[in-house]
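Hey, can you work out the whole structure from these sequences and the hints?
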Amino acid sequence: MDLRRTPLYERHDARGASFTDFGGWEMPVSFDSISTEHAAVRENVGVFDVSHMGEIAVQGPDAAELCQRLTTNDVMALQAGRAQYSAVTDESGILLDDIMLYRMGPDSYLFVPNAGKDDWMTTRWRTHAREWELNVDIENRTDSLGMLAVQGPAAADALAAAGCPTDDIARRDIVEGDVDGITCQIAGTGYTGEAGYELLVPWEDLAAVDAAIEATPCGLGARDTLRLEMGYVLAGNEFHHEDNPRTPLEAGLDFIVDLEAEPGFVGRDALREQREQGPAEVLVGFILEERGIPRAGYDICNPAGEVIGSVTSGTMSPTASIPIGLGYVAASYAASDTEVGVTIRGENKKARIVTPPFLNSRT
Amino acid sequence: MSFEVPADLYYVASHEWVAPEDDTARVGITDFAQDELGEVVFVDLPEAGDTIAAEAPFGVVESIKAVSDLYAPIAGEVVAVNDRLFDEPELVNEDPYGEGWMIVIEPDDPEPYEALLDAEEYRDQIA
Chain U
1 MDLRRTPLYE
11 RHDARGASFT
21 DFGGWEMPVS
31 FDSISTEHAA
41 VRENVGVFDV
51 SHMGEIAVQG
61 PDAAELCQRL
71 TTNDVMALQA
81 GRAQYSAVTD
91 ESGILLDDIM
101 LYRMGPDSYL
111 FVPNAGKDDW
121 MTTRWRTHAR
131 EWELNVDIEN
141 RTDSLGMLAV
151 QGPAAADALA
161 AAGCPTDDIA
171 RRDIVEGDVD
181 GITCQIAGTG
191 YTGEAGYELL
201 VPWEDLAAVD
211 AAIEATPCGL
221 GARDTLRLEM
231 GYVLAGNEFH
241 HEDNPRTPLE
251 AGLDFIVDLE
261 AEPGFVGRDA
271 LREQREQGPA
281 EVLVGFILEE
291 RGIPRAGYDI
301 CNPAGEVIGS
311 VTSGTMSPTA
321 SIPIGLGYVA
331 ASYAASDTEV
341 GVTIRGENKK
351 ARIVTPPFLN
361 SRT
Chain Z
1001 MSFEVPADLY
1011 YVASHEWVAP
1021 EDDTARVGIT
1031 DFAQDELGEV
1041 VFVDLPEAGD
1051 TIAAEAPFGV
1061 VESIKAVSDL
1071 YAPIAGEVVA
1081 VNDRLFDEPE
1091 LVNEDPYGEG
1101 WMIVIEPDDP
1111 EPYEALLDAE
1121 EYRDQIA
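Those sequence lines, one after another, are chains U and Z.
Our numbering numbers the first residue of the first sequence as 1 and each following residue consecutively.
Our numbering numbers the first residue of the second sequence as 1001 and each following residue consecutively.
One should not assume that every hint holds.
[Claimed, not checked] Which bits of chain U does chain Z cover? Going by a derived footprint, with three or more residues having C-beta under 8 Å, they are:
hint	segment
1	27-34
2	288-296
3	310-321
Calculated directly from the structure, the hints in this document are not laboratory data.
Note that this is a predicted model, so its numbers are computed, not measured.
Ideal placement from N, C-alpha and C gives every residue a C-beta, glycine not left out.
In structure tokens, the structure reads:
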């Protein structure tokens, strides 16, 4: 199957990007190098083309109810012009995706699923709207609406220099604004741990908006190391509905699960039961205290060498210069400072459980 | 993009180079290999005294994203290891044929280089 491309593909290519297949999209891994791009975002400002993420509009009198019944957070508490991080679960409480839900107006929502999940989520929303006889219109705008993430301490300066002051845009706000005279939706959101903005831009305007913003072009490589340093989950790594079925409670996403909000969401009963009993395994952060780099799939052991879990993401932290990782362990090993081990090429390397972010961690 | 391929070295298809030096041979990875990997952040090497077999993995080089085995171009005993790479793995990127060298081998075979690629053959492979 042909890979999908964003309208910025040629522009990325001309700026020296190397590409990879991510969720069915041909996307930049890096332009210059992962560590320089990573540092640009931590210290200055970088821009990511995240148009591979889905954009699905949900509009109509029953839009709020549909979103409430299909996502784990409290949609009724979401004000117009605000954004909410949330999750989509099945009847068993298994994570299908993590999403950002934007309330664009009184009866108008837009949610952003991960790359390659736009058709699946559109179908899921439509099927349930029919089943529950809700009056709502669902439109998959992934192939007409692009997204740029402008991230880093100088993100506001970069947007101001492009004619778009952001003084009135608080974290998780979404407002209409102009970048170099082009109308965009500008959200105070991102997934890097830095201040920053995400811009929803029609495909035909994406290149002009990107060109107007002076920032280091960044690829998926830096996006991954930045989110991993914060301990943020990545769909496909920390959960996958078939390969690594996990609930939000196992994945450390309790803060986006509201078991009291009404009407209840698909999967709520299962998550209620799991919250009462406590999950058997939970996602933890850890740092390696010996030479090596943890990688997805490596075993996590207790000091006796018994397997107690498995690594889901790992890298050398570009900011802290230490090997860091995320993984699931039996809940009894999840406390901070617990000594564990990671099996790397047959050897058990010492590791210690820490609570992310890893930015200030030192061995 | 054009990669440096010094004329006086031998190469293998897995992108290691070998430099004959009197009775020993120095081994590292090529300019092409370091560029493909991206920034090297970790190197694992055998210890002096270890014996290694031709075409068998003798160590590991890791970038931020990827793990890659190092394959021995020739069989022999490891007589020196570049332990600077443990603290300065970036030398592999900065100077792959110089300070980024990995190990020195005392070859088992007195004529170990015949089966290897010369610079021209290796250049054709990465073209």
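Here's how the hints hold up against the structure:
no.	hint	in the structure
1	27-34	holds (count 4)
2	288-296	holds (count 4)
3	310-321	holds (count 3)
The structure is consistent with each of the numbered hints, conforming to all of them.
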